[in-house]
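**Q** Sequences are here, hints too, so could you generate the full structure?
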Amino acid sequence: MASGYPPPFEGTGEVKEGFLCPLCLKDLQSFYQLQDHYEEEHSGDDRHVRGQLKNLVQKAKKAKDKLLKRDGDDRPDTGSYESFYYGGVDPYMWEPQELGATRSHVDYFKKHRAARIDHYVIEVNKLIIRLEKLTSFDRINSDAAKIRAIEKSVVSWVNDSDVPFCPDCGNKFNIRNRRHHCRLCGSIMCRRCMEFVPLPLAQKLISGTRESLCVPGSPVQSQSPPAGGGGSGMGSRRGSISSLSSVTSMLEEKDDEKIRCCHHCMDTLLKRQQKLEEKDHTPDIVKLYERLRMCMDKVDEKAPEYIRMAESLNAGENTYNLDTAGGLRLEVQKYYELIDALSKKILTLNAKDDPPPHPKAMQLQRMIRYTATLFVQEKLLGLMSLPTKEKYEELKEKRKQEQEKRLQQERLAAQETLKKRQESEKNRPPPSTNGELLQAPRAPRMTKASGWLPSADSGNSRSELQDPLLQQIENIQSFLRQAREAQRTDEVAMLEENLRQLQDAYDQQQTSLAIALSQKLAEEESLQQGEIHRLKAREREEREHWGPAVGSTQPSVTWERCLGISPTEGIQDEENTEGEELTPKADRSPSSVRAFPALTSQEESPPRLRSLGGHVTPPGGEGQNSTSLNPFEEEDSTPVEEDPSNPFFEDIQREHKEVTNGKKEYNPFDEDEDVREEKQAETAPGNPFEEEEEDSDAGNPFLEASGNSPGVSTNPFDGDDDGEVLPDVDIIEEELLLQQIDNIRAYIFDAKLSGRLDEVELLSENLRELQHTLQEQKKKKH
Amino acid sequence: MNVTLAVKQYISKMIENSGTGMKVLLMDRETTSIVSVVYTQSEILQKEVYLFERIDSQSRDNMKHLKAICFLRPTKENVEHLIQELRRPKYSVYFIYFSNVISKSEIKALAEADEQEVVAEVQEFYGDFIAVNPHLFSLNLHGVARGRSWESSMLSRCTQGLTSVLLALKKCPMIRYQLSSDMSKRLAESVKQIITKEYELFDFRKTEVPPLLLILDRSDDAITPLLNQWTYQAMVHELLGLNNNRIDLSRVPGISKDLKEVVLSAENDEFYANNLYLNFGEIGTNIKNLMEDFQKKKPKGQQKLESISDMKAFVDNYPQFKKMSGTVSKHVTVVGELSRLVSERQLMEVSEVEQELACQNDHSNAQQSVRRLLQNPRLSELDAVRLVMLYALRYERHSSNMLPALMDELSRRGVSERHRKMVKSVVEYGGKRVRGSDLITPTDAVAITKQFFKGLSGVENVYTQHQPLLHDTLDQLIKGRLKDSQFPYLGASSLRDSFLEEVMSATGQSGDRAQGSSGRHGNRR
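So the protein lines, in turn, are chains A and B. Residue 804 is where the first sequence ends in the numbering used here, and the numbering goes up by one at each step. Residue 2003 is where the second sequence ends in the numbering used here, and the numbering goes up by one at each step.
Keep in mind the hints are simulated off the structure, nothing from the lab. Honestly, I wouldn't trust all of these hints.
Stated by the list, open to error - Within a straight-line C-alpha distance of at most 20 Å, the following computed SDA-like cross-link-like pairs (lysine to any residue) qualify:
id : chain 1 : residue 1 : chain 2 : residue 2
1  : B       : Lys1684   : A       : Glu120
2  : B       : Lys1568   : A       : Gln119
3  : B       : Lys1649   : B       : Phe1682
4  : B       : Lys1586   : A       : Arg138
5  : B       : Lys1486   : A       : Gln119
**A** Now the structure itself:
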């Protein structure tokens, strides 16, 4: 009964492991306890036994079926979800919720709009057609009378006598206030209410409409002009009349380059024009924005891929190629730079125009920039770095060794279990006697075996899965015993039958397992020997390869060591310092506790008070400093924020102080510009990003590594020459430096955004240092 | 049954419907708070919504490269604004969503204004309430009642809000109301009317046990809001003021600039989510743990990062560190301020007496304690008035009522006339005459024995003895023991089995807004 497994085969509920009582599923820490528990609690529990037995037998059968079919994943992953809300109800436990009710009015809306739009479209098109007629002849060279005749033919003019007052302004018409006709609709208005359509506008409207009307099936196209005198005839006539000049032109100015129309028609035309303009005009911001989105999409697509690669590489696996990962990283980084550049461009778009753009437009630009920086921050920071080539080799090595070790362990475990199994099979007593006693020592070992268990090895995982079968057998044996004691013959018969079935199945498995195991053993033996050989060879190689490098006085090599490429010392150092740093902190921690005397003092406070903070366990045992009735009182003298003994608060305070002292600009973007400029000045002329790209392109370590010194990674004996190894080392370092510079830049930006000036200072100093090193390296290289 | 999620889903659906491209969200005053409670700015920015505008704002510019998502309440003014907007559209496409039922005639008016064919969508998305917590919503109404009856505009707003909640959750409930309150009845009838009228909207999949809408009147339990609470959210609400999950800390002495207003939202703040309902003492411990965690994660000093490996470590930890530092400084400030207020106003002692008043039945003791506290010069005016209010409610009909003497005490303390009047108002508002269920003395045998046992076993926490009436009411409801005589069903239905799905204590205070009586968070099931 080493590990009960009630629900897993049903696939529901959680998987319990340990020494579980099969009846009450209570976890009892050891086998003996379980035995005791069982005898005490359930021996008299006749009522349940029958049902339980059936249940168990069924389970065993199911288990057997599964095992024989070798159904791989019969243990569903029932990760228990950790509840967030302790009080109240955890909303995450609520049933999934679909979108609430909605109701659409689109159809109704469209129906009503369509009626309206039809009307509107017809009106517009009518105007355009008339406009076309009015402009299709040479107005400049025609005399006024002629023009007037044509104009009158396009639309029937309203009778003068019908309109005594201007319909727009209400003024009475007389000799001085003359009537004017709209050439587009024929209505009358006074001079002041009259408007003109300039010819260029008319042309534009006509040509624009013609394009859009080319769509087949449009109802307007088929509409025939209302009055006679088709447009085609007009053009041919114009030549003959041109010489004539009329007196009327003296009375009424000739409408050479414009067409009179009423307010209403003008309005419609203007609307139309606006629409036409907007159709082909896409503002710059849209173009930039589209590119920005494209870059973001690319990042969304590539970044997860890269992270997967980097994770696997950092774990020393060789699923992916280091070079491709490096390339991908570069690509993603380039996209980030592009996003940064584009969003900055959007931000500064039109900023220096003379009439400054609408504040809302500026706000939009700022928001886009802000979103882009958020995006970069979030994604770029998640971009882990790649191991260097050497480090990668090492990682691979380590992983291999680990695997070997595991393999060995597995082998041992397998041998042991095999031995045990054989033993137990031999010694297996008749079921009616003391089956349990013999099982006793077996149980702990089984759990041990499963502790070693990896996932990959099929032979071994099977042996673990086998346990349940054995356990079932045991269970049934004990039940059988009980049933016999209780003298229930029917149950005994049923149980015996089941037991037989189970044992058959088990025996079958045992034999097949034994065969498989012996085969594997032989295989492994040979494998191991090969492995050992290889290991030895590698060790030799390693010693020879690293020997000169460690001894070398070249500064770049020591750098290398700092970078942790040979991790042994570096890591140890780090650990030491960490240890040192941690201990004083631990010493100090009680003092931080004092910031909340309310919590600690509860030890001393009257029981009533304790009842409120009843669950508080005083952390440092530092309860002696307060005897006051009200635990909060103490804070009067030492307010939380000013407690000097608390290092943490000091920090926060310092941060706040510095923030408030230093000039704090709220527009992060201006500042950002400053930083960039600074940086540009520091590093080199030109865009730092561009420069960087050049660098990394020129010095792509992976390309060179495989091209110039192919031996380094594979066979160190060829590459013994110092001169060949070193530049490679240099370049890799550069890559790392560049990565660091990148990251630190992101942080500077980030820190600026949130206004932590001290951090910014610190970071920029580091940045300078890095850049300095980088340049030195470069010099050395050349 | 998660109202926050319901609104969130509505809004993301709106944004999703509008496709890609730069967007502007056009809202009115109320929908602005509806949206801002459930979405943070950065969250919504990620969905390409870059501008947030009020429909009634005059300073909007033509931006034809933007798509407009309009989320508006279906009010007359909004429709009028929208008609103007459509006549001269400033954006390229309009996706219009109303937060409640809108009439056909208004749709028609809109359709006729849309000559440029800029409208792509007209829908009703029923997010007409402010989802404060997953299980709590509010309508942020003030002055809902005049005397003991509804302000008619408020009644309709309340009805709209409630029906929209029902629609957002897809529930068509049975309705029960508190018989003693006329306002509850009116609201219940009003909701029922809407459900009948819009029956096709409420045509949801029938559940075995129909959901229940229980409408209660705050005046039935005027005591609970007068007590000081000791859980995190409730304390923040009571002492600092929590408005749409925002706290205004500008009055806190020595506050830094970026902490003037902080947002406490369980959605985005894990620490807050975990500690929402924990009591003050526990929060102290947790915040200490949080700080220790923070110290561990803090990059090794703000000192110079010496080597590349230092930098590497820093770089790796930086994002977490930054996030954490925000949380830590926020909560440390809030809890610090809370404990400052607690000690300054001597709330521990006040709370003890309050609980004694609310839960024990010892008049002479209680009145002595109240008097003693009233002598205390450090007691704030508000707390003094609240104590007297509690006393007045609790011992309203007691034979040796000391209220006049206590009132004298108040005026001797120099408590303002306005505050003193509140005592009388509170009795009028929530006194014995008004209450439907007996708040103070248990009547049935079970309750009496329960109290007896409680007395025997001793109280485990003096500051949280009081159990709000709501707790009992809901308890009875779940057990199916809520009396029909007190909480009748609306309509002829005789279904007995009810299942608690929803609670809404609708009515607030009338003109005499007694302090601290705004509905309290927490204590919801």
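**Q** Can the restraint linking Lys1568(B) and Gln119(A) be considered satisfied, given a maximum Cα separation of 20 Å?
**A** Answer violated: Lys1568(B) to Gln119(A) is near 36 Å, above 20 Å.
**Q** With a cut-off of 20 Å on the C-alpha distance, tell me whether Lys1486(B) and Gln119(A) pass.
**A** 11 Å, holds
**Q** Given the hint that Lys1586(B) pairs with Arg138(A), test it: the Cα-Cα distance must not exceed 20 Å.
**A** 10 Å, holds
**Q** Lys1649(B) and Phe1682(B) were given as a pair; does the straight-line alpha-carbon distance stay at or below 20 Å?
**A** 7 Å, holds
**Q** Please work out if Lys1684(B) and Glu120(A) have their alpha carbons no farther apart than 20 Å.
**A** Measuring from Cα to Cα gives roughly 15 Å; hence the hint holds.
Against the hints set out earlier in the document, a violation occurs for number 2 only.
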